[in-house]
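Enquirer: Here the protein sequences come in this chain order: U and R.
Residue numbers for the first sequence follow this note's numbering, so the first one is 1 and each next one is one higher.
Residue numbers for the second sequence follow this note's numbering, so the first one is 1 and each next one is one higher.
Keep in mind that a hint or two might mislead.
[Unchecked claim] Computed spacing ranges between beta-carbons, pair by pair:
(1) U:Ala71 <-> R:Ile367: 56 to 66 Å
(2) R:Ala345 <-> U:Ser119: 35 to 45 Å
(3) R:Asp167 <-> U:Glu73: 47 to 57 Å
(4) U:Pro93 <-> R:Pro47: 37 to 47 Å
(5) R:Gln83 <-> U:Gly147: 29 to 39 Å
(6) U:Thr58 <-> R:Thr208: 56 to 66 Å
(7) R:Asp416 <-> U:Arg208: 43 to 53 Å
[What the hints assert, rightly or not] Rough simulated footprint, nothing fancy, chain R against chain U, three-plus residues with beta-carbon under 8 Å:
(8) 67-76
(9) 87-93
Hints listed in this document are in silico derivations from the structure and should not be mistaken for laboratory results.
Yeah, the Cβ is synthetic: ideal placement off N, Cα and C, and Gly gets one too.
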Amino acid sequence: MTMLTIENLHARVEGKAILKGLSLTVNPGEVHAIMGPNGAGKSTLGNVLAGREGFEVTEGSVTFMGQDLLAMEPEARAAAGVFLAFQYPVEIPGVNNTYFLRAAYNAQRKARGEAELDSMEFLKRVREKLKVMQLSPDLLNRAVNEGFSGGEKKRNEIFQMALLEPKLAILDETDSGLDIDALKQVAEGVNAQRDPSRAFLLITHYQRLLDYIEPDFVHVLADGRIVESGDKNLAHKLEEHGYAWVKDLGEPAGAA
Amino acid sequence: MTSPFVDAFAEYGPGAQAVLPGSGQAWLDQARRAQLDAFVHDGLPGPRNEAWKYTALRALAQRAFQSGDGGALTREVDPEILQLRGVDGPRLVFVHGVFRPDLSHLDKLADGLSLQPLSQALVNDAEPLRFLLTRGWDRPADAFARLNAALAGDGMVLRVAEGMRIDAPVHLVHVGTPTENDLAWHARNLVELGEAASLHLVEHHVGTAAHRNLSTQMGDIVLRANAELEWTVLQEAGEGAVLMRREGLRLEAGAKARLHALELGGGTVRHELEAELRGNGARLDTRGVFVPCARQHLETRLDIRHMAKNTSSDALWRGVADQRGRGVFHGAITVAEGADGADAALSNKNLLLSPHAEIDTQPVLEIYADEVMASHGATVGQLDETALFYLRSRGLSVKQARTLLTAAFCRAALTDMDGSSLREDLEARIQARLPGDETAA
Chain U
1 MTMLTIENLH
11 ARVEGKAILK
21 GLSLTVNPGE
31 VHAIMGPNGA
41 GKSTLGNVLA
51 GREGFEVTEG
61 SVTFMGQDLL
71 AMEPEARAAA
81 GVFLAFQYPV
91 EIPGVNNTYF
101 LRAAYNAQRK
111 ARGEAELDSM
121 EFLKRVREKL
131 KVMQLSPDLL
141 NRAVNEGFSG
151 GEKKRNEIFQ
161 MALLEPKLAI
171 LDETDSGLDI
181 DALKQVAEGV
191 NAQRDPSRAF
201 LLITHYQRLL
211 DYIEPDFVHV
221 LADGRIVESG
231 DKNLAHKLEE
241 HGYAWVKDLG
251 EPAGAA
Chain R
1 MTSPFVDAFA
11 EYGPGAQAVL
21 PGSGQAWLDQ
31 ARRAQLDAFV
41 HDGLPGPRNE
51 AWKYTALRAL
61 AQRAFQSGDG
71 GALTREVDPE
81 ILQLRGVDGP
91 RLVFVHGVFR
101 PDLSHLDKLA
111 DGLSLQPLSQ
121 ALVNDAEPLR
131 FLLTRGWDRP
141 ADAFARLNAA
151 LAGDGMVLRV
161 AEGMRIDAPV
171 HLVHVGTPTE
181 NDLAWHARNL
191 VELGEAASLH
201 LVEHHVGTAA
211 HRNLSTQMGD
221 IVLRANAELE
231 WTVLQEAGEG
241 AVLMRREGLR
251 LEAGAKARLH
261 ALELGGGTVR
271 HELEAELRGN
281 GARLDTRGVF
291 VPCARQHLET
301 RLDIRHMAKN
311 TSSDALWRGV
321 ADQRGRGVFH
331 GAITVAEGAD
341 GADAALSNKN
351 LLLSPHAEID
361 TQPVLEIYAD
371 EVMASHGATV
381 GQLDETALFY
391 LRSRGLSVKQ
401 ARTLLTAAFC
411 RAALTDMDGS
421 SLREDLEARI
431 QARLPGDETA
441 A
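Okay, chain U solo, but in the shape it has when bound (with noise of 0.2 Å):
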């Protein structure tokens, strides 16, 4: 069965269109790399997909699982599987890191209708997902994001990712300020969970993170729609002749 169908999706932000007709299929275990300029579309994308106020579908469909995922709260999303890495994780200072994921944790399990974990249980869990993202364990004791490097923000997102166990995942831009060695610690977080019965959209500007995480399929991304589909060679054409040949390029494929 397919995971996700995007369909002719037309989004706004602030009233400007943004997305323009963008259609895209994903299916159990496949790992898509959305690719693209600045201001193509690929955080409004990653950001309807996850529910967040501000934007608003004016036309199209996006069916997950079988569901009609636009019609669905950001919680039910995440209940029903749908996890969004930030761009740009949150700080919220006063909510404890360990407090927060576990709330998290029981309110999608609860929402499932599957029994909540208790503190010990959730504890064993946690260390366990902790040492693969190689994060320190005082982390947990601290607010969320307060005070983390940039590089730790985002392999918390990957750490909650692994913790969460989401059948969509989607990566908005979480290669974007990273040094080498955190981009491998990313991108090994990330090969860890690839699992036949999850996808991942990964979203970035660059090629680079391509070279950690190999990608089924890649797409680009231009002015709202899908411009180009290919395997993981179009990311190295697209490295080597920069996005001003996205321009050069006919009608969109991805348009419906």
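Assemble chain R onto chain U, guided by the hints.
Expert: Just chain R now, with coordinates in the frame of chain U:
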């Protein structure tokens, strides 16, 4: 200024005074009479009185209260409501301003701690209290202080001897309960810490159920040189209660006081703290949270005066208003002439959770000295939408996310509190007052 409110006190006040503890001592009778006369003469402060600008007394002026509660000694109080986690030292309980030996624990007091109800002190030996009890209130704005001075016959008298450090917190509880008629009651607290003495005072105002009684409570706290006071106030008065509190706090050289105040209950509540840093190097930290919901009106007024060299004060207050709740914060810092090297900071941040809620905040800074560090800031805003979305995108419901963020906002006022079990108890009580509490994860 005549009104049903004033008329009732004019008519029944003298009779109530005649049976107050300590009556019959000429100086006390005279002081009480003078204060009642001054109150009746000036009445309640009007809307043009700057100090009462944000707390309208029009509705109160139309109500008449019975003076004192003859049944206070036998009113039923569930001992469970007196409990606070981590607070298991001596305890004084007053119901409608009347000492209740059956609910209090005053046996086995630590060496150096003297603790007794004012009603006993007035009968045994009132003379040492004369200075504080004959203090006059000369402004019409002092209406409730005057009423208190005229009609309070009980309260707490606490002294810590020089050099004594008292470990177990002293627990002062004022209880209000529903009564047949609307009742006015008054309490007077006197605290003195001798040189280099230290104490933790936990003050709890609690209502057993909704009522419309009026209470005035005045306190004087004196810290001699190098004394240290840890002071926790939990205000959970009954829904609809009118509570007017004022404390005078005096710090001598090197003395330190730290207040954590939670204003959670009551209908119309006003708390005034008038602090004087009179000795070199004195330090005052105040932290507090006020959470007006429903139709609550909660006002906090700080008047912090730096009067000596190298004194410091730090105030951190948070307000959260929901539904039709109204919060008022007035934070005034004065650095007097000669108080060089003073360091004063004041911050008041507020959250509005409903379009009908209101918070008025007013920081005031007056500096007449040199080499002073002073900062103040006040904000009123809403919950951060980005943070809300972040939490929801991880699976938390809107309600859970809002409560989590609001509770975190309030907790900032408690982070430097010693004693984790009392702090956790207080945090849970804040959480329980916040709207949409379902965060038990």
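Enquirer: All hints are to be evaluated individually against the structure, with a verdict given for each.
Expert: Do the hints match the structure? See the list:
At roughly 59 Å, the beta carbons of alanine 71 (chain U) and isoleucine 367 (chain R) sit within the given window of 56 to 66 Å. Distance hint for alanine 345 (chain R) and serine 119 (chain U): a CB-CB separation of about 37 Å, consistent with the stated range 35 to 45 Å. For aspartate 167 (chain R) paired with glutamate 73 (chain U), a C-beta distance near 51 Å keeps the hint of 47 to 57 Å intact. Checked against the hint of 37 to 47 Å, the pair proline 93 (chain U) and proline 47 (chain R) passes, with Cβ atoms roughly 39 Å apart.
Separation of glutamine 83 (chain R) from glycine 147 (chain U) is about 37 Å and conforms to the stated range, judged on CB atoms against 29 to 39 Å. Taking the beta carbon of each, threonine 58 (chain U) and threonine 208 (chain R) are about 57 Å apart, inside 56 to 66 Å as hinted. As the Cβ distance of aspartate 416 (chain R) to arginine 208 (chain U) is approximately 45 Å, the hint placing it in 43 to 53 Å holds. Beta-carbon proximity to chain R at under 8 Å applies to 3 residues in the segment 67-76 of chain U; the threshold of 3 is reached and the given coverage holds.
Proximity of the segment 87-93 of chain U to chain R, defined as three or more residues with a beta carbon under 8 Å from a beta carbon of that chain, is established by the 4 residues found.
Of the hints listed earlier, there is not a single one the structure fails to meet.
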